[in-house]
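Trainee: This is what each chain is made of:
2 protein chains.
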Amino acid sequence: MKAVIISIGDEVLIGQVTNTNAAFLGRELFSLGIPAARTVTVADNEKDILKEFRNAYRDFEVILVTGGLGPTHDDITKKCVVKFFKTEYRLDDKVLKHVKSIFARRRVPMPLINISQALVPDNSIVLENIAGTAPGILIDKGGKIFCVMPGVPGEMKYISKNGLFPYLKKKYAGKLKNVIRQKTLHTIGIGESLLASRIGDISKLVNKGKDYELKLAFLPSNYEVRLRITAIAKSPAKAAALINGAEKIIRKSAGKYIYGDDERSIEATLGTMLKKRRLTISAAESCTGGLILSKLTDIPGSSDYLMDGIVSYADKAKVRLLGVNPRDIKKYGAVSKTVAIQMAKGIRKRSGTNIGISATGIAGPGGARKNKPVGLVWIGYSDKKVTFAKDFIFTKDRLRNKDAMAKMALEVVRRQLLSIEQ
Amino acid sequence: MKAVIISIGDEVLIGQVTNTNAAFLGRELFSLGIPAARTVTVADNEKDILKEFRNAYRDFEVILVTGGLGPTHDDITKKCVVKFFKTEYRLDDKVLKHVKSIFARRRVPMPLINISQALVPDNSIVLENIAGTAPGILIDKGGKIFCVMPGVPGEMKYISKNGLFPYLKKKYAGKLKNVIRQKTLHTIGIGESLLASRIGDISKLVNKGKDYELKLAFLPSNYEVRLRITAIAKSPAKAAALINGAEKIIRKSAGKYIYGDDERSIEATLGTMLKKRRLTISAAESCTGGLILSKLTDIPGSSDYLMDGIVSYADKAKVRLLGVNPRDIKKYGAVSKTVAIQMAKGIRKRSGTNIGISATGIAGPGGARKNKPVGLVWIGYSDKKVTFAKDFIFTKDRLRNKDAMAKMALEVVRRQLLSIEQ
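Protein chains in written order, with this note's numbering: chain A, 803 to 1224; chain B, 803 to 1224.
Do not take every clue at face value.
[Stated by the list, open to error] Just a few of them, taken from the derived set where beta-carbon distance is under 7 Å, the chain B residues facing chain A:
no., residue
1, G835
2, A975
3, G976
4, G1002
5, A1042
6, A1043
7, N1046
8, P1102
9, P1167
10, A1170
11, N1173
[As the list claims (entries may be wrong)] Here are the computed lysine-lysine pairs in the BS3-like style, where the Cα-Cα straight-line distance is at most 25 Å:
no., chain 1, residue 1, chain 2, residue 2
12, A, K849, B, K946
13, B, K1012, A, K963
14, B, K849, A, K804
15, B, K1118, A, K1151
Derived from the structure by calculation, the hints contain no laboratory data. Here the structure is a predicted model, which means the values were calculated and not measured. Yeah, the Cβ is synthetic: ideal placement off N, Cα and C, and Gly gets one too.
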């Protein structure tokens, strides 16, 4: 059982957009046990699109198409689908209602052109897209699945998770030769190669048997490394056993850095911990400029543990809003252990929360001082019992630094709550 | 003259790696005037690779291949090239010396397997790769260019910039029929279809003449839409004239929404404006939870105009930190024009900045009230002369809402500074 992914759009071909959709779908198809054997990108051009449709339909069982479903003239994917399947359009009332509701919500008149978004191939199943106007279109014909989705990643992901993947799972349940199981261990604060050397000889994990296969992949992204364990076996039980074996070995050598066993972010993981423990938190940010607070509030229901926070970018603000001692700023510099500690304690007391965290550092590109390179950050932590600060050095890139510093601040709290040594 | 990009590697197909190489090469080929009409990714599998080589050689003049050049057994691209061109290997001394030097520098003995990196197809031109062990391989045969490069982005880019592109420029100098020029107009706060209907009959712009072509592409991303104008003409002068003509028409109908004529973000655009005008800004955030401040501080040198800011997530915090009247919160609700105005005025006065902005809304998924749907936000603006608040309604998705709300807050300031009606 093989799949193909077809991306449609000039903007992808000329590199104005990087094709993250193919990566997402490739990953998901693989874990479904229907690996993609090929991905293709073609222009918004009828001849090329129809040619790819023909080849795909000849060679593969599952054909996923993204892009070219917008209401504007340059989007022709749907037209090509109708042509390819020699079918007609039908007006889908549910979709039309949804499209209208989107414009109603925005309180703007709906341009007539958007009615076309509710026209779907007559032989298709409509997959809901709450995130946008173009629905997913699934055609299950001749033992083959043909699915078209918008190119906007958020919309494509929504339709995949809520419409396409459940459909594929149901359709192919029990019919696939191999069972593929994956588990991801999510680490933070340690580099890929260090992690690899800690885990050691992964040939112990990656050992290919005749009837099964176990793989360990290192997926780094700015001071987070996801360890993806993949087991391919004949039975779910065997696959599960392989995964558990691998996880044990990894946790033994790198457990401290593993904050989750899924794709959840550190802010989601920490949020759950704070809720469970009925703890409140506040943050005082300098170099991270609001990103710690923004990450915390990315989580629905974060108002249970976060009431407020301060961005004290300038020295004066650290004094006025957090009660940092100006003499200490003069003496040790704003990027210092002392100031980080005073910021953390200050925000905790002023906000009246159980926990206060702070970050003061040099995001770059400018601002480096003697013994204080770009990428240096002091992260402060304060609760009723303990107050401390810890320093880290990240990259030379401003945005990567802000992100890594904010994530580490949250990780420091996680380790403290679990009394893992910092 | 058309090109194709072939990426080889299982890790790309199963989405462990996002294919940024295709985006880079697509961009560069386009600006060279040799646009890629197709990109394909296939597995490290001889049959599939040879099939792609055949199709590519039949349909395209320039064939670029990346990946599968490592020294390990699973990398078979070079073997396929030799097979495809029915040629032999030769040992390239220069490459061998380079490979040896790399290991010498690392002070580790060279694994014998790496000698294979110096074996190149007999009919090929070697393109130097100082960044790694696998050289680029270029075959110029039958009026077609066939080039193979490593999949590691850094190495691929080095070989492209220093070997491949110069070769292509030299070979096709003057021979390319068309000049391609592009310009991107960056809009915010208006949907794709509304924008399209405002710009109106784009056939006026997209008018394909015999000897030239003018295209307008809509590239949406969460309430920003980039308008990409592409002109393909016989001369640079003609192309430039076409672009200017198109830009004039677009600006006439949608100028209000265009905040930049490049790929710069709204925070970068606003930052430059604030610096030029020597203005300072501060933000009071509720629903955006710090994202406005984080975006502002994403810009190097933002400390020139941003000193501090407040995240007042809870009602109490709005009262304590910004002086919002608790009776008004009771009467109108925290998500209201009155509260947004008091937040903006409050942060401006307490921070002593020229401008204060605020955002109070419902990011979702929960929190909707009667007449206050998820996605609703009140954005407050306050300076010495003017104070007002404006409401917007975005999506049902929390993260997209936070991002769109934060961007709109910055856009409201941009429009105010340019006295564009809100």
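Trainee: Interface hint check: B/A1170, Cβ to nearest Cβ on chain A, cutoff 7 Å. Holds or violated?
Mentor: violated (11 Å)
Trainee: Holds or violated: the hint that B/G976 contacts chain A, with Cβ atoms closer than 7 Å.
Mentor: Hint violated; B/G976 Cβ to chain A Cβ min 23 Å, cut 7 Å.
Trainee: Does the interface hint hold: is B/A1043 within less than 7 Å of chain A, judged Cβ to Cβ?
Mentor: violated (22 Å)
Trainee: With a cut-off of 7 Å on the beta carbons, see whether B/A975 makes it to chain A.
Mentor: violated (21 Å)
Trainee: Would you check whether B/N1046 satisfies its interface hint, that is, whether its CB is within less than 7 Å of any CB in chain A?
Mentor: violated (21 Å)
Trainee: Take the C-alpha atoms of B/K849 and A/K804, compute the straight-line distance between them, and say whether it is at most 25 Å.
Mentor: The given pair, whose Cα atoms are some 15 Å apart, holds under the 25 Å limit.
Trainee: Verify the interface restraint on B/A1042: the C-beta must sit less than 7 Å from at least one C-beta of chain A.
Mentor: violated (19 Å)
Trainee: B/P1167 was flagged as interface toward chain A. Is the shortest Cβ-Cβ separation under 7 Å?
Mentor: holds (6 Å)
Trainee: Is the hint on B/G835 kept, meaning its closest Cβ partner in chain A is under 7 Å away?
Mentor: violated (12 Å)
Trainee: Just to be careful: measuring from the Cβ of B/G1002 to every Cβ in chain A, is the smallest value less than 7 Å?
Mentor: At 11 Å from the nearest chain A Cβ, B/G1002 fails the 7 Å test, so the hint is violated.
Trainee: Under the criterion of a CB-CB separation shorter than 7 Å, is B/N1173 in contact with chain A as hinted?
Mentor: violated (12 Å)
Trainee: Are the Cα atoms of B/K1012 and A/K963 separated by 25 Å or less?
Mentor: violated (46 Å)
The earlier numbered hints that this structure contradicts are 1, 2, 3, 4, 5, 6, 7, 10, 11 and 13.
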